[in-house]
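Enquirer: Sequence:
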Amino acid sequence: MQLGKDLQLRDVYSPRTVKKLALAIAAVRPEFPAAELQKRFRRSWQPLGFAERSRLIVDLLTDLLPMDFPAACDTILASLGPALQLEPGKTDWDAFIHVPLTEYIARHGCSARHFKRSMQALAELTKRFSSEGAVRPFIENFPAKSLVILEQWTRSPDVHVRRLASEGSRPRLPLAKPLHQFKTDPAPVLKLLEKLKDDPELYVRRSVANNLGDISKDHPDMVTNLAECWLSEAKLLPPAQKKQREWLVRHALRYLLKHGSREALRVSGYSAPELDRYTLQLASDSIAASADLHWTFEFESTREQPLVIYYALRYCNAAGKQRAARQFYLSERRAAAGEQLRYTKKLSFKDLSTRKHYPGLHTLALIVNGQQIISADFMLAAE
Numbered sequence: 003m004q005l006g007k008d009l010q011l012r013d014v015y016s017p018r019t020v021k022k023l024a025l026a027i028a029a030v031r032p033e034f035p036a037a038e039l040q041k042r043f044r045r046s047w048q049p050l051g052f053a054e055r056s057r058l059i060v061d062l063l064t065d066l067l068p069m070d071f072p073a074a075c076d077t078i079l080a081s082l083g084p085a086l087q088l089e090p091g092k093t094d095w096d097a098f099i100h101v102p103l104t105e106y107i108a109r110h111g112c113s114a115r116h117f118k119r120s121m122q123a124l125a126e127l128t129k130r131f132s133s134e135g136a137v138r139p140f141i142e143n144f145p146a147k148s149l150v151i152l153e154q155w156t157r158s159p160d161v162h163v164r165r166l167a168s169e170g171s172r173p174r175l176p177l178a179k180p181l182h183q184f185k186t187d188p189a190p191v192l193k194l195l196e197k198l199k200d201d202p203e204l205y206v207r208r209s210v211a212n213n214l215g216d217i218s219k220d221h222p223d224m225v226t227n228l229a230e231c232w233l234s235e236a237k238l239l240p241p242a243q244k245k246q247r248e249w250l251v252r253h254a255l256r257y258l259l260k261h262g263s264r265e266a267l268r269v270s271g272y273s274a275p276e277l278d279r280y281t282l283q284l285a286s287d288s289i290a291a292s293a294d295l296h297w298t299f300e301f302e303s304t305r306e307q308p309l310v311i312y313y314a315l316r317y318c319n320a321a322g323k324q325r326a327a328r329q330f331y332l333s334e335r336r337a338a339a340g341e342q343l344r345y346t347k348k349l350s351f352k353d354l355s356t357r358k359h360y361p362g363l364h365t366l367a368l369i370v371n372g373q374q375i376i377s378a379d380f381m382l383a384a385e
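For any residue, its number in our numbering is found by taking its place in the sequence shown, counting from 1, and adding 2.
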């Protein structure tokens, strides 16, 4: 299946994918009531969202699989098809049907009695679809035992299992409950990331960078110090590996760079920018509701220098006052002395399900190497 205009994320759970799941389970456990699973899913699936449909499948499996967890777990594992052969990081939308299976393991297997079996099951399931959400209750309830397993996973020959060691331990994994113990003390996570920072797969290294990005929101100095250490070590690496390490560090420091952290800018090699003849031109200083704003930022670099450029928007709220600025990445490059640089962008002010726009004064600002260079106001008209 392909998501698009007529298909939403919740449609990864449909009668078609549930039928495939039911038949796969029945193939290894003939007494499993495959028709009942399909009938009960069809009875109530349509109005439900993504998470609700997943929970519905877990509820139905709870009713229809054996009450004995080891037997149910073995049935799930036996029903699995071959591990995904996709390029790591690519998505097979049908593979989402494995998410309820990981959640079933978390719901029924997160106990001292079933810990080992459950963690083995999650490692096997993650080869079909990431178990990053389901492993978190185990980390939360059995931290010491879980960290032993996570360390073993860092040495797995399977790229998906190695990634799970990092992605599952992220303190602030999106769409998941935070791991408060790692928000408070990320030292155990950093030990895992040390073992994965030069992983041969970008899929794993990107997870390491995102994990560090999570940690940087609570421990900025810890992350900038570690980044500086990793960059210093990188000087001794072969060129290709050095380049990979430098990319990881840049990616890990995105949050701090975006918020103008002086230490993150310094570690990344960014100093106060030396620019001349800079202008910010708006196509109009007043735009209609739901219209687009076109703008152009131009400047001259007066010396050779690395530049990281963001733009910031201060939206108007329902009360007619400006909100705190939201920053967005624009560009990163090394500019030559005397080089003229020009950036043109279009911003949409159509309402979204996640954002409503209000009429009033808005401000656009350009930020280079953590310093605001220029800004311009514009009005968004009422409907």
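Hints may contain errors.
Unchecked claim - With a cut-off of at most 25 Å between alpha-carbon atoms, the simulated DSS-like pairs for lysine-lysine come out as follows:
#1 Lys358 x Lys348
#2 Lys197 x Lys219
#3 Lys245 x Lys179
#4 Lys185 x Lys237
#5 Lys219 x Lys185
#6 Lys193 x Lys237
#7 Lys197 x Lys185
#8 Lys118 x Lys197
#9 Lys348 x Lys260
#10 Lys118 x Lys147
#11 Lys129 x Lys147
#12 Lys347 x Lys260
#13 Lys179 x Lys147
#14 Lys118 x Lys21
#15 Lys260 x Lys219
#16 Lys129 x Lys41
#17 Lys348 x Lys323
#18 Lys41 x Lys118
#19 Lys219 x Lys193
#20 Lys358 x Lys347
#21 Lys244 x Lys260
#22 Lys219 x Lys129
#23 Lys358 x Lys260
#24 Lys21 x Lys129
#25 Lys193 x Lys179
#26 Lys41 x Lys22
#27 Lys179 x Lys219
#28 Lys22 x Lys147
#29 Lys179 x Lys129
#30 Lys260 x Lys323
#31 Lys179 x Lys118
In case anyone wonders, no lab produced these hints; they're calculated from the structure.
Since the model is a prediction, treat every value here as computed from it, not as a measurement.
Enquirer: It remains to establish, for every hint, whether it holds in the given structure.
Expert: Tested hints:
no.	hint	verdict
1	Lys358 x Lys348	18 Å, holds
2	Lys197 x Lys219	22 Å, holds
3	Lys245 x Lys179	34 Å, violated
4	Lys185 x Lys237	30 Å, violated
5	Lys219 x Lys185	9 Å, holds
6	Lys193 x Lys237	21 Å, holds
7	Lys197 x Lys185	20 Å, holds
8	Lys118 x Lys197	23 Å, holds
9	Lys348 x Lys260	20 Å, holds
10	Lys118 x Lys147	9 Å, holds
11	Lys129 x Lys147	22 Å, holds
12	Lys347 x Lys260	19 Å, holds
13	Lys179 x Lys147	20 Å, holds
14	Lys118 x Lys21	30 Å, violated
15	Lys260 x Lys219	12 Å, holds
16	Lys129 x Lys41	29 Å, violated
17	Lys348 x Lys323	23 Å, holds
18	Lys41 x Lys118	34 Å, violated
19	Lys219 x Lys193	18 Å, holds
20	Lys358 x Lys347	21 Å, holds
21	Lys244 x Lys260	24 Å, holds
22	Lys219 x Lys129	30 Å, violated
23	Lys358 x Lys260	23 Å, holds
24	Lys21 x Lys129	21 Å, holds
25	Lys193 x Lys179	22 Å, holds
26	Lys41 x Lys22	13 Å, holds
27	Lys179 x Lys219	16 Å, holds
28	Lys22 x Lys147	35 Å, violated
29	Lys179 x Lys129	22 Å, holds
30	Lys260 x Lys323	23 Å, holds
31	Lys179 x Lys118	22 Å, holds
The structure does not agree with the numbered hints 3, 4, 14, 16, 18, 22, 28 stated previously, though it agrees with the rest.
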